[in-house]
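Student: Letter by letter, the chains look like this.
2 protein chains.
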Amino acid sequence: MRRSNLALVLRHISGHGPCSRSAVAVATRLNKTTVTSLVSELQARGLVKETGPQHAGSVGRPSVALVLDGSRVGALGVEVNVDYIAAIATDLAGRVLIDRRISFDAMGSGPERSLDELACVIEKTLADLEPLGVTPAGITVAVPGLVDTTNGTVVVAPNLGWRGVKVAERLSRADIPGDIPIGVDNDANLAALAEYTFGVAAGTSDLVYLTGEVGVGGGVISGGRLLGGADGFAGEVGHVVVDPSGEACRCGLTGCWETKVGLAALVRMATPDRAYGRRSQIVRDPEERLAEIEQRRAEGDPRVDTAVAEVGAWLGIGAAMLVNLFNPRVIVLGGYFARLADLLIPAAERELARLGMSGAAGRCRFVASDLGFGAASRGAAGVVVERALSDPANIEIRHPQPPA
Amino acid sequence: MRRSNLALVLRHISGHGPCSRSAVAVATRLNKTTVTSLVSELQARGLVKETGPQHAGSVGRPSVALVLDGSRVGALGVEVNVDYIAAIATDLAGRVLIDRRISFDAMGSGPERSLDELACVIEKTLADLEPLGVTPAGITVAVPGLVDTTNGTVVVAPNLGWRGVKVAERLSRADIPGDIPIGVDNDANLAALAEYTFGVAAGTSDLVYLTGEVGVGGGVISGGRLLGGADGFAGEVGHVVVDPSGEACRCGLTGCWETKVGLAALVRMATPDRAYGRRSQIVRDPEERLAEIEQRRAEGDPRVDTAVAEVGAWLGIGAAMLVNLFNPRVIVLGGYFARLADLLIPAAERELARLGMSGAAGRCRFVASDLGFGAASRGAAGVVVERALSDPANIEIRHPQPPA
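Residue numbers (UniProt numbering), protein chains in the order written: chain A, 1 to 404; chain B, 1 to 404.
Watch out, some of these pointers could steer you wrong.
So the derived label-pair ranges between C-beta atoms look like this [said to hold, decoys possible]:
#, chain 1, residue 1, chain 2, residue 2, range
1, A, Val200, B, Gly110, 43 to 49 Å
2, A, Gly224, B, Gly203, 54 to 60 Å
3, A, Arg350, B, Arg95, 49 to 55 Å
4, B, Ala275, A, Asn151, 21 to 27 Å
5, A, Val200, B, Asp243, 34 to 40 Å
6, A, Thr33, B, Gly52, 52 to 58 Å
7, A, Lys124, B, Arg363, 52 to 58 Å
Incomplete in silico selection of chain B near chain A, CB under 7 Å [to be verified]:
#, residue
8, Thr153
9, Gly224
10, Arg268
11, Met269
12, Asn324
13, Met357
14, Ala360
No lab work stands behind these hints, which were simulated from the structure alone. Even for Gly, the Cβ is constructed at its ideal location relative to N, Cα and C.
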C-alpha cells in the first residue's frame with residue numbers, strides 16, 4: 001500500500017509540480033501526515049526536491065513547493081543493431097546526459113561477441129554516469145527483432161542472425177551492478193514510444209514509426225498506447241511479403257518489404273561497390289554510408305536518384321498498407337529514412353495517395369524523425385524512467401548528495 | 001454528477017449483481033442515501049430490478065439484492081450489406097429478441113432506395129418490439145465502408161457504390177421515433193466487438209475479425225480494445241493491394257485482397273454462371289449462393305475445390321500480413337468464410353505458416369465465427385447496450401410494466 005502510494009505521490013509531483021504537500025494531499029486523497037512521510041522517502045531516494053522560498057519558521061511559513069528531482073537518478077537505454085551499438089543515458093526528467101554510438105559489425109560477430117561488446121558499452125556508460133552523481137535506475141536494451149520481454153530473450157532477429165538469444169541473462173553475468181534491472185524490447189516499439197514522448201510528432205495519439213536501418217521494423221502508437229499484440233510482436237512490417245518474385249530476405253522469405261526499403265537495398269542500388277556483405281568492405285556506420293551516397297549524388301551519379309526514387313515508391317506502397325490497417329495521422333520516418341526524407345517523401349506520397357484508402361491517406365503525413373539513430377535507445381531510456389516513476393520504492397541512490 | 005453516479009451504480013450492478021444497496025455503496029464510495037435514490041431512478045427507468053427475498057418489515061430485514069433488469073430496454077442493430085439487410089434486437093442483457101435478414105440488392109439499388117428499405121426494416125423491427133414491452137434505447141447501423149461516426153455519414157463504401165451518404169440524417173427523416181438515437185459504424189469493427197463479447201473467441205484480447213462478404217473488411221481487438229485509428233478507419237484489410245497484376249476492384253484499384261478472397265471472387269471461380277454483376281442473375285442471399293456451391297461440390301464439380309483452395313491460400317497470405325502487424329491470438333472468420341471454414345482453413349494455415357513471422361504465426365489460429373452473417377448487427381446492438389449502460393439518464397421506458 002505504501003509502495004503504491006509512493007508512486008501515486010511521485011506521479012502527481014512529476015505531472016503537476018511545483019506543488020505543495022497540501023495540494024498533493026488533496027489531489028491524492030491521502031492525509032497530510034502520510035504525504036509528508038512519503039515525500040520524505042521520495043527525497044531520500046533522490047526523486048523529489050523542494051523549490052521556491054523555504055522559510056525555516058514554523059508559524060505561517062509559506063508552503064514549500066515540491067518538484068521532480070530529475071538530476072540524481074538516471075536511465076540507460078542501449079541498442080544493438082546490424083552495424084552499430086548506441087547508448088543514451090538520461091536523467092529522470094528525460095534530459096540526455098550521454099549519447100554515443102560506435103560502429104560495430106553485429107551481423108558478422110555473432111551473439112556472444114556482440115553481447116560482450118554491448119556489455120562494454122554499458123559498463124563504460126555507467127562509469128561515465130558515476131562522476132555526474134547519477135544513480136542508474138535500470139537498463140533497457142533495444143534489439144531489431146522479436147523479443148520475449150518477460151525474460152529478456154530475443155526470439156528471432158533475422159538481420160543479426162540471432163535466434164533464442166538470452167540477452168538479459170548474458171548481461172547479468174557482465175560487470176554490471178546486480179541491483180540494476182535489465183530489460184529487453186523491440187527497437188521499433190521503443191523508438192515509437194520515444195517519438196510519442198519526445199519526437200517531432202509527440203502527443204500524436206495515432207502514429208507509426210518506421211526504423212530505417214538495414215532492417216525495417218514498425219512501432220505503432222494507437223489511441224495513445226503502444227500496440228503490442230498478444231506477444232509484444234505487433235508492427236513487424238519489414239517481413240510482410242510485398243513482391244514474391246523479388247530478392248531473398250535474411251529471414252528466409254522472398255520479397256519482404258525490408259528487401260525493398262532497407263538500408264541494404266538502398267546501398268545495393270545506389271552504391272553497389274559498397275553493398276553489405278561484400279568481403280572487401282570494412283564495417284561502416286550507417287552515417288558514413290549515407291554521407292557517401294549523398295556525395296555521389298552531388299557528383300551526379302544517376303544511380304543514386306534512381307535508387308532513392310525506387311525506395312521512396314516502395315516506402316509509399318508499404319505506407320498504404322499501414323494506413324489502411326492502422327489509420328495513423330503521422331508516419332514517422334526514422335533512421336536513414338529521416339536523413340534522406342526530402343528525397344524519399346515525394347515518391348512515397350505519390351504511392352500512398354494512389355494506393356491508400358481515400359479518407360485516411362490524405363490525412364496522414366510523413367515526417368522525418370529528429371531523434372536519428374538514437375530513437376530506440378532514447379525510448380529504451382524512457383521505459384526505464386517510466387518504470388522508476390511507477391515504482392519508486394525500487395530506487396536507492398548511491399550518492400546522497402551530488403558531488404560538488 | 002448525478003448522471004455519472006447513475007452510470008457508476010448501474011455498471012456495478014451489471015457487473016457484480018446480484019448485490020445489496022449497501023454493497024453498491026461500499027464499492028462505489030457513494031453514501032447509502034445517494035445509492036438508494038439512484039437505484040430508485042434506475043428502477044423507474046427499467047434498468048434495475050430487485051431479486052431474492054423481499055420482506056416488507058423495516059427491522060432486521062434481509063438486504064434485498066439488485067440485478068440488471070435486462071428485459072424492458074432493448075437495443076437494435078441493423079446492417080446493410082451488398083446483398084442483404086439484417087436486423088437484430090437484443091435486450092439489455094444481450095439476449096436476442098429478434099433476428100432477421102432479407103435479401104436485398106443494395107449494390108444495384110443506390111443509396112436512396114437502400115436507405116428506404118433499411119428504414120422499413122427498422123420500422124418493422126421496432127413495431128415487433130412494441131408488444132414485447134421493450135423500449136428501444138437506440139439504433140446502430142453497420143455499413144461495409146468507412147464511416148464518420150461523429151455524424152453518421154458513410155465516407156465511402158466501395159461495394160455499395162456509396163460516397164458521402166448521410167445515413168443517420170436520412171433515417172432521422174423516416175418514420176422512426178425521434179427520441180431514439182441513431183449511430184452508424186463500420187461493419188467489421190462492430191462484428192469484432194460482437195466476437196469479443198459473445199463469440200467463439202470471446203474474451204481473447206488480441207483478435208482480428210474478417211468479414212467474409214462480397215467485401216472483406218477487418219475489425220481488430222488489441223489489448224482488449226477495438227483498434228480505431230485516428231478516424232475509426234483502422235483494419236481496412238480488404239483494399240490492401242496484394243496482386244498488382246490481378247483483377248480490378250470496385251474501389252478503383254487493382255488486385256486488392258478482397259478481389260482474391262471476397263465472396264464475388266469465390267462465386268466467379270466456383271460457379272461462374274452465377275457471378276455477381278451478370279444481368280441474368282436475380283438477387284440472391286449469400287446463403288443461397290453458398291448452398292449452391294456446396295451442392296455442386298457434392299456433385300463433383302472440380303471448379304469448386306480449385307476455387308476454395310485458391311481462396312484459402314490467399315486468405316492465408318493476407319492472414320500472414322495481419323499476424324505480422326497485429327500479432328493476434330485468433331483470426332475469426334466471419335460471414336461466408338465461417339460457412340466454408342473446414343475447406344478454407346487448411347490452405348490458409350499452410351500459407352500463414354509459410355509467410356507469417358515465426359513466434360507469432362504458430363500461436364495464432366483460425367476459428368469460424370458462429371455469429372454468421374448477423375455478427376455486425378449483433379455488435380451494433382451491443383454498442384447500443386454499452387451506451388445505455390454508460391449513460392442511463394437517457395433511457396425512458398415507454399411501458400412502466402410489461403404487458404401481461
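Student: Now tell me if each hint is right for this structure.
Tutor: Cross-check of the supplied hints:
1. Range check, Val200 of chain A to Gly110 of chain B: about 45 Å between beta-carbon atoms, so the 43 to 49 Å window is met.
2. Checked against the hint of 54 to 60 Å, the pair Gly224 of chain A and Gly203 of chain B fails, with Cβ atoms roughly 24 Å apart.
3. Taking 49 to 55 Å as the suggested C-beta distance range, the pair Arg350 of chain A and Arg95 of chain B conforms, at roughly 52 Å.
4. Look at Ala275 of chain B against Asn151 of chain A: about 53 Å separates their beta carbons, and that is not inside 21 to 27 Å.
5. Distance hint check: the CB atoms of Val200 of chain A and Asp243 of chain B are about 35 Å apart, consistent with the given range 34 to 40 Å.
6. Separation of Thr33 of chain A from Gly52 of chain B is about 43 Å and departs from the stated range, judged on CB atoms against 52 to 58 Å.
7. Checked against the hint of 52 to 58 Å, the C-beta distance between Lys124 of chain A and Arg363 of chain B comes to roughly 39 Å, which is inconsistent with it.
8. Interface restraint check: Thr153 of chain B against chain A, minimum CB-CB distance 11 Å, threshold 7 Å, status violated.
9. Checking Gly224 of chain B against chain A by beta carbon gives a least distance of about 11 Å; that is not within 7 Å, so the hint is violated.
10. For Arg268 of chain B, the interface hint is violated, since its Cβ never comes within 7 Å of a Cβ in chain A; the closest pair sits about 23 Å apart.
11. Checking Met269 of chain B against chain A by beta carbon gives a least distance of about 20 Å; that is not within 7 Å, so the hint is violated.
12. Hint status for Asn324 of chain B relative to chain A: holds, with the closest Cβ pair at about 4 Å, below 7 Å.
13. The beta carbon of Met357 of chain B comes within 5 Å of a beta carbon in chain A, closer than 7 Å, and the hint placing it at the interface holds.
14. With 7 Å as the threshold, the beta carbon of Ala360 of chain B comes within range of chain A, its nearest partner Cβ sitting at about 5 Å, so the hint holds.
In this structure, the hints that do not hold are numbers 2, 4, 6, 7, 8, 9, 10 and 11, in rising order.
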